[in-house]
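Generate coordinates for the entire structure from the input sequences, incorporating the hints supplied.
Here are the chains, one letter per residue:
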Amino acid sequence: MSSIPVRQPVRQGEWHLPSKRRAGMAALIVGESAIFTIFVVAYVFYMGKSVTGPTPAQVLEVPILGTICLLSSSISIWRAEKAIEDGRMASFSILLGVTIALAAVFLTGTAIEWKKLIYRDGLTISTNLFGTTFYSLVGLHATHVIVGLFLLSSIFIFSLFGWVDSRHSERFSAIALYWHFVDAVWIVVFTVVYLIGR
Amino acid sequence: MSDIPLPISHVTDTSIPGSEPGTILEKLHGWVVTVDHKRLGILYILYSTFFLLVAGAEALLIRLQLAYPHNHVLSAQVYNRFFTMHGTTMVFLVGMPFLFGFANYIVPLQIGARDMAFPRLNAFSFWLTAFGGVLLYYSFLGGAGLYGVGNAPDVGWFAYAPLTLRAFSPGHATDYWALALIVGGFGTLGTAINIVATVIALRCKGMTLMRMPLFTWLLFVVSMLTLVTITPLTAAQFMLLIDRYLGGHFFDTQAGGSSLIWIHFFWIFGHPEVYVLVLPAFAIANEIIPVFCRKAIFGYPAMVAASVAIMFVSLGVWAHHMFTVGMTSVSNAFFTLSTMLVGVPTGIKIFNWIATLWGGRIRFTTPMLFCIGFLFQFLIAGLTGIMLSVSPWDWQLHNSYFVIAHFHYVLVGAVVFCIFAGLYFWYPKATGRLMSETLGKWHFWLFAIGFHITFDTMHFLGLLGMPRSIYTYQPDRGWNTLNLVVSIGGLIQGLAVLIFAYNLITSYWCGEVAGDDPWDAWTLEWTTSSPPPVYNFEEEPEVHSRRPLWDLKHPDDPDWEYEA
Chain A
1 MSSIPVRQPV RQGEWHLPSK RRAGMAALIV GESAIFTIFV VAYVFYMGKS
51 VTGPTPAQVL EVPILGTICL LSSSISIWRA EKAIEDGRMA SFSILLGVTI
101 ALAAVFLTGT AIEWKKLIYR DGLTISTNLF GTTFYSLVGL HATHVIVGLF
151 LLSSIFIFSL FGWVDSRHSE RFSAIALYWH FVDAVWIVVF TVVYLIGR
Chain B
1001 MSDIPLPISH VTDTSIPGSE PGTILEKLHG WVVTVDHKRL GILYILYSTF
1051 FLLVAGAEAL LIRLQLAYPH NHVLSAQVYN RFFTMHGTTM VFLVGMPFLF
1101 GFANYIVPLQ IGARDMAFPR LNAFSFWLTA FGGVLLYYSF LGGAGLYGVG
1151 NAPDVGWFAY APLTLRAFSP GHATDYWALA LIVGGFGTLG TAINIVATVI
1201 ALRCKGMTLM RMPLFTWLLF VVSMLTLVTI TPLTAAQFML LIDRYLGGHF
1251 FDTQAGGSSL IWIHFFWIFG HPEVYVLVLP AFAIANEIIP VFCRKAIFGY
1301 PAMVAASVAI MFVSLGVWAH HMFTVGMTSV SNAFFTLSTM LVGVPTGIKI
1351 FNWIATLWGG RIRFTTPMLF CIGFLFQFLI AGLTGIMLSV SPWDWQLHNS
1401 YFVIAHFHYV LVGAVVFCIF AGLYFWYPKA TGRLMSETLG KWHFWLFAIG
1451 FHITFDTMHF LGLLGMPRSI YTYQPDRGWN TLNLVVSIGG LIQGLAVLIF
1501 AYNLITSYWC GEVAGDDPWD AWTLEWTTSS PPPVYNFEEE PEVHSRRPLW
1551 DLKHPDDPDW EYEA
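Going down the list, the sequences are from chains A and B. Start counting the first sequence at 1; every next residue gets the next number (our numbering). Start counting the second sequence at 1001; every next residue gets the next number (our numbering).
Calculated from the structure, these hints are not laboratory results. Quick caveat: nothing in here was measured; it's all calculated off a predicted structure. All C-beta atoms in this analysis are idealised placements derived from N, C-alpha and C, irrespective of residue type, glycine included. It cannot be assumed that every hint is accurate.
Claimed, not checked - Listed next, with one range per pair, are the computed distances between beta-carbon atoms:
no., chain 1, residue 1, chain 2, residue 2, range
1, B, Ala1167, A, Arg167, 27 to 35 Å
2, A, Glu113, B, Gly1326, 55 to 63 Å
3, B, Asn1399, A, Gly53, 37 to 45 Å
4, A, Gly139, B, Gly1360, 30 to 38 Å
5, B, Tyr1245, A, Ser154, 26 to 34 Å
Said to hold, decoys possible - Where chain A lies over chain B, by a calculated footprint (3+ residues, C-beta under 8 Å):
no., region
6, 1180 to 1193
7, 1199 to 1211
8, 1418 to 1426
Written as structure tokens, this is what we have:
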């Protein structure tokens, strides 16, 4: 009785799977996008529906400097990603520092804008629908910038102590992904609030 | 059941986790600080079983109140609180934690991983969810606030604005509701992220996407759907809290706000949520039906495609909950058609399950009985769903007991039946002991009979015009007998659940010892010991087909010869 030769299944050569950190961060970004979508929809839905003033056209100024800074920070963090992959730690620290500084300028701009809106124009979250939707949408985005700033500053401090090296490049790339998302959201918020809504 | 020795070397490891010496306090501490996906899965299941009993008791009190016209078991206020808490609890503290419990326990085992992608995030998410539940129920004590009015939330589980605004809901009951759901929502988001990352990044060697067990596939789809489902609710809850605490005007109609937008936001969450709950039920049926008819699942790629299709279609149907608010006829037509479209992929699934049963050697064990009940009931639930998707029909029956009957057919007839099936199926894996089949069959038959007495009858009450959310009714409406019948069915279901709870607890000590593979199944979780060791697999498994354990048991006739 001849036995049937068992054909071995074809062995896979390499078994590569995506990074779990980047996958997790991508999933978080999908979820966050839904939150932002709801707030953006609310903003657009209530555009021009306020029953009292002030209106966006009267009080809003386009934050050009902050926008340029925030968007450039995406470039600097991308360069920082490259630097940590190649193990160039000195330029990594510098580029990370630049990213943090740019984000800080953006947040300062928001703070100055809000101070002006609250104290000079008398616009608070309870003034009218514009105030409610504006502060919640821009505030939600600013909260995300603050969270990102906290993450980046921690890594910056670690890198100053020399605790970060190219082995951490995958972890850093997950945070960079978050930062790119925060920037991309700003493009949407900026367009809706300052270009269309004004 | 099967005592074929498995040709796998590493299952001989019989060290049972949890048997290490230690005082009760140390063991309890071990459970609190655990990051093991299996323990967290069990915690999720225990947590949701507890709330299943609580919300079931609330349902019974609701039915007691409605058993007779002009009954006075509950006052109108307490009645409102009870149906709000019943709905919120069943969806957020029973349905989702149950399904995430299953996902936590089973998914890493099925893909041959040692844990979830982020074990600490996993523990954090569970405790957030648990805290959300406690917060919601604390409202019974703390919800009165400074005003001394209300205690538990009484705004309905969908909490339509402007009823939730300060002027109409003073006190803190609504705040507890919103905060509990925000906290629980973050927990849900964390677990969903974790499952997505686990499935993407931790599959064992050879486990390509098209070789993943269907349970894992569907939980992967559900988790992706959850990412975009629970977050709009969180956003809307933030808006509600901004309105209530910071004087915002999102839902304040006097300042130009719109209560309609809350309804939209809620159902953008609320309808996909139904699929978040029911897809894991499909997932459980996908594992159990093939094992108990001794055939590989029919149409595996079609099942995957149908699940992904349901995920996408489900995001575009929410406004069928809103036909009566007065939308344009274009919107009505769109949402009618998109809702009917859901019937196509779900129909594919039903046909595939039937084709799997066809010609199989069916073993009518308790898990299989529950799955067969699920097939019948889900079919009827789908058909009444298509009836309700027709907007003129919905105008007639919206907010009637017909709708209540329809969604309980989905949530009890499909989801709860499959949860029970899954518990009977995987209990031996988690504890090492089988649950009693005799008690299981009592549970099944009592529960199925009670279910049909209650929810079949509810359809007729709805057709006779009984609206939902009323705390009592006039005796001359012709609803008296039917309501009594519904309540009696509820009691029978309650009895069945008590039998189940007794079975669940006593089988832990008295159940028949299960062995590694009591059902002669084919997926990776049955290759390891019962209960599995902390590290799941001694050596990383390598798979070549959709049924790796079949290949191991039948080296002369392996599956990979037939799979593309």
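Going down the list of hints, with the structure as the test:
1. At about 58 Å, the beta-carbon gap between Ala1167(B) and Arg167(A) misses the expected band of 27 to 35 Å.
2. Under the hint 55 to 63 Å, the C-beta atoms of Glu113(A) and Gly1326(B), about 40 Å apart, miss the expected range.
3. Look at Asn1399(B) against Gly53(A): about 40 Å separates their beta carbons, and that is inside 37 to 45 Å.
4. At roughly 58 Å, the beta carbons of Gly139(A) and Gly1360(B) sit outside the given window of 30 to 38 Å.
5. Between Tyr1245(B) and Ser154(A) the beta carbon distance is about 31 Å. The supplied range of 26 to 34 Å therefore holds.
6. Only when three residues or more bring their CB closer than 8 Å to a CB of chain A does the claim for the region 1180 to 1193 of chain B stand; here the count is 3, and the claim holds.
7. Restraint check on the region 1199 to 1211 of chain B versus chain A: 6 residues with Cβ-Cβ distances below 8 Å, three needed, restraint holds.
8. Coverage of a stretch by a chain is defined here by at least three residues with a beta carbon nearer than 8 Å to that chain's beta carbons; for the region 1418 to 1426 of chain B and chain A the count is 0, and the condition is violated.
When the structure is compared with the earlier hints, violations turn up for hints 1, 2, 4, 8 and for no others.
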